[in-house]
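Asks: The residues making up each chain are set out below.
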Amino acid sequence: GAVVSQHPSWVICKSGTSVKIECRSLDFQATTMFWYRQFPKQSLMLMATSNEGSKATYEQGVEKDKFLINHASLTLSTLTVTSAHPEDSSFYICSAWTSATPNEQFFGPGTRLTVL
Amino acid sequence: QKEVEQDPGPLSVPEGAIVSLNCTYSNSAFQYFMWYRQYSRKGPELLMYTYSSGNKEDGRFTAQVDKSSKYISLFIRDSQPSDSATYLCAMSAKKINQGAQKLVFGQGTRLTINP
Chain A
14 GAVVSQHPSW VICKSGTSVK IECRSLDFQA TTMFWYRQFP KQSLMLMATS
64 NEGSKATYEQ GVEKDKFLIN HASLTLSTLT VTSAHPEDSS FYICSAWTSA
114 TPNEQFFGPG TRLTVL
Chain B
18 QKEVEQDPGP LSVPEGAIVS LNCTYSNSAF QYFMWYRQYS RKGPELLMYT
68 YSSGNKEDGR FTAQVDKSSK YISLFIRDSQ PSDSATYLCA MSAKKINQGA
118 QKLVFGQGTR LTINP
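Each protein sequence line maps, in turn, to chains A and B. Take the working numbering: the final residue in the first sequence is number 129, and no numbers are missing along the way. Take the working numbering: the final residue in the second sequence is number 132, and no numbers are missing along the way.
The following block holds chain A by itself, in its conformation from the complex (with noise of 0.2 Å):
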C-alpha cells in the first residue's frame, strides 16, 4: 500500500515550453502534497505545499508564477513548469501526506526534467 507514481518518468522539452508533471496516491486519500526539486549532489529542497482544493504554499525564492501547483483532487497533484529554461533542470519529487499515517510521507519516484 501507500504508492505515489509520477507522470512522466522524465522528460526533454525546449526553452520557452511548459511542462506538466502529474503526483498520484494510487491507494490512499492525500490530504497534503509537496513538491520538491532535487539538484545533482544536493538534497530535496521543498518548493510547495498543497491542499486538496485550495491554493499552493511556495516556500520562499520559489516563483508560483513560474511553477504552478494544482491539487485538483484528494488522489492528484500536477507541477506546470511554465516558459521552462534550461536551469530549470532537475529532478522533480512529489510527496503525499495522509492522516491515517501522520508520521510519514510518501514519495513518488521522481521526474527528470532537461530543458534544451
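Calculated directly from the structure, the hints in this document are not laboratory data. Every residue gets a Cβ at the ideal spot worked out from N, C-alpha and C, and that includes glycine. Warning: the hint list may mix true and false statements.
Here are the simulated DSSO-like pairs of lysine-lysine, each with C-alpha atoms no more than 27 Å apart in a straight line [stated by the list, open to error]:
id : chain 1 : residue 1 : chain 2 : residue 2
1  : A       : K27       : B       : K59
2  : B       : K84       : A       : K79
3  : B       : K111      : B       : K19
4  : B       : K119      : B       : K84
5  : A       : K79       : B       : K119
Partial chain A-side listing against chain B, Cβ under 10 Å, derived [what the hints assert, rightly or not]:
id : residue
6  : V17
7  : T45
8  : T111
9  : G123
10 : R125
11 : V128
Assemble chain B onto chain A, guided by the hints.
Replies: Positioned in the frame of chain A, the structure of chain B alone reads:
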C-alpha cells in the same frame, strides 16, 4: 550555513561491517528526525522516525538523536549489499495543517556495501 549538514560520501564498506551515518543541524526548533533510504531512480522511503533524544532500534538499524549537540546518527549493523543506497536525514520543526510536516533534508550519503 545550511540548516542540515550531511557528508555526501561516497562511503564504501565491506559486507557485515557496521555503518555509521551522521547529520548535524543548526535549527534548534527541529524536533522530528527521520532517516530515508533512496535507491537509484526511486523516491525516498522512510526507514526511521524519532522525536526524542536517545536511541531507537529497528532490526539492524539504530537511530540516535542528541539534541544538545544537534547531531543525529543512523547505525546499520551486519550491513548487506542490498543496503547500498543513498541515505538522507530529514528534520521537521513542527507539524502543519492536520499533522503533515515540512521536511528539511540533508544532502544524502551514498553508501556501497561490497560483497
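Asks: Please name the hints from earlier in the document that this structure breaks, with their numbers sorted from lowest to highest.
Replies: 2 and 11
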